[in-house]
Amino acid sequence: MTEASTARIYGLHMAVVVVLFALNFLLPDYHHGLFARILVLATFAMGYNLLFGYAGLLSLGHAMFFAAGLYGSGLAITYLGFGVSAAFVAGLGCGALLSLVVGLLALRTSGVAFMIVTMMFAQAFVLTIVYFNQWTGGDQGLVLQQASRILTVGNASLDLTAPAVRYLAALLLFAIVLFVTLAIVRSRFGRVLVAIRENEERTRMLGYDTFANKLAAVVLSGVFCAAAGAAYALLFGYVGSNFASVQYSILPLLWVLAGGAATTLGPLVGTVFIYYVTDIASSYTSAWLLIVGAALVLLVLFAPKGILGFVRRRWIGWLP
Amino acid sequence: MTQPLLTTRGLSRHFGGLRAVDSADFSLMPGEIRAIIGPNGAGKTTFVSLVCGRILPSSGTIDFAGTDITNLPAYKRVRLGIAYTFQVTSVFANLSAYDNVALSVQRTLTDGRSRGAVREGAMKALEQVGLAERAGTPAGQLAYGHQRLLEVAMGLALQPRLLILDEPTQGLSDGEIEGFVALIREIALDATVLIIEHNMPVVMQLAHRITVFDAGRIIAEGDPAEIRANTQVQEAYLGAAHG
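Chains as they are written, first to last, in our numbering: chain S, 1 to 320; chain P, 1001 to 1243.
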């Protein structure tokens, strides 16, 4: 790893963040709102990518980590009167705790069994939310009042419901998780995760505690996803059980596959791609799922490693 | 008198009714090159897998450098200094040769030394097996013989006290085997080597002592001349010839 390539890699990621920052001023209202949402969901996808793309663990239950952040912060605001930053931390804490417990149990399995076990945990989680509908609002969900979504720092106060603030807050979260992910995958720990994905038995026989490394990956992934969930609650003011449903476990997988698994920018590209294909298709026809499906089939046929996986193989080999 | 580096007592592993390894009493002195030979299915690979912890024994004990490692997980045994190179080449095919070896080196550098130390250690191991020029090549694209050498380099980079090689010369050309024998001799200056090998000329050239397995049991042990003269060993091999 030469210094030049390090500078190039960080330069590229900085440039992406700068472009996203510029979009705040350039995008028309509709797309501005859509992009704020996309940035939060791309953060969710980055959390998923760390576990799926790098460590090679396919989870079908990541909606529960997103929802842990969503409900952790949403319930803390609604019932405990937490401020915005305390609620965000509460969301992260819930995600960390849940991912630790789920990781300890689910990592006793691997492969298909791991998929099923994570999916079962997520189902239990969503059913728990619906069961306690007295507090969680069940499938109706909870709406967070605008008054509770104002971030005060010293004397200044930021209204997270204002479009520009919301966009920039989403971008800040996205940028932090992007650079943390980049640092992780370029670290020794990141290389061990890739080694586990490629050949776990060999990695163990090089003296690595593969269970501990995988557990760390599950928890980091869970915390990133919970951060996205908590931000979603705070920025968009809605906490609902549909975010804990199986659909939101499949979506991050789809975004990551479309953008390119095990690429740092793939989750962003995939989320933007799927969102806009859906958006454009549904403006023309009610059969938009057919068009989304066709786009995915084409992607699988011609770029099975996702958009950035394709770019990396064809043109830019140094893409992390 | 020096203590053995490795001792097994009554070590057994049963798979259902099959006694893959049956009460093996075995000891290995530091600095030795020991070959394990025996017909196919004699339990050689199972035996070394028990030693390195890939499978757990049904009964018996394993001692390594004065520590009872019988119930220790494999990765902890590697940290104590037992390195295993796989019979079926098991490199990380999508990673470069350098990255394969770097994974071994960074494991030994648990004190968080710099990237420079990793590079130095990895290149040293690659140079030792003669793969330095191919450091950037993805492991899966290396020739088969080079992949085997890369396996050995990954083991070497762990700086093991005991290096276990499972049929390392399988599939190598005569020229490559010659280089390999020289390499093992060089490695044995720093480490104890336990080698499973079918190629008898290699065994006879390299081994200080030879242990013979048949049907899960150790049937003979001695220096190469003794083993060559042993009638029981000849029978085991000739007896297995029809199967």
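Among these hints, one or two may not hold up.
[Said to hold, decoys possible] With the Cβ distance kept under 7 angstroms, some of the chain P side facing chain S (calculated, not the full set):
id, residue
1, Phe1015
2, Ala1074
3, Val1078
4, Arg1079
5, Thr1089
6, Ser1090
7, Phe1092
8, Leu1103
9, Ser1104
10, Gln1106
11, Arg1107
12, Tyr1144
[What the hints assert, rightly or not] On the chain S side, residues computed to face chain P include the following (Cβ under 10 angstroms):
id, residue
13, Asp29
14, Val143
15, Gln145
16, Ala147
17, Arg204
18, Tyr208
[Stated by the list, open to error] Label-pair ranges, simulated between beta-carbon atoms:
id, chain 1, residue 1, chain 2, residue 2, range
19, S, Arg188, P, His1014, 37 to 47 angstroms
20, S, Leu58, P, Ala1143, 26 to 36 angstroms
21, S, Ser110, P, Gln1170, 53 to 63 angstroms
22, P, Thr1137, S, Ala113, 30 to 40 angstroms
23, S, Arg108, P, Ala1093, 22 to 32 angstroms
24, P, Gly1140, S, Val143, 49 to 59 angstroms
25, S, Arg188, P, Ser1090, 15 to 25 angstroms
26, S, Leu97, P, Asp1068, 33 to 43 angstroms
27, S, Arg108, P, Ser1027, 50 to 60 angstroms
28, P, Gly1130, S, Asn242, 52 to 62 angstroms
29, P, Ser1090, S, Thr152, 54 to 64 angstroms
Hint data in this document are derived by calculation from the structure and do not stem from the laboratory. By construction, the Cβ of each residue, glycine as well, lies at the ideal position given by its N, Cα and C atoms.
**OP:** Go through the numbered hints given earlier and state which of them the structure violates, listing their numbers in rising order.
**Re:** 1, 5, 12, 13, 14, 15, 16, 21 and 27
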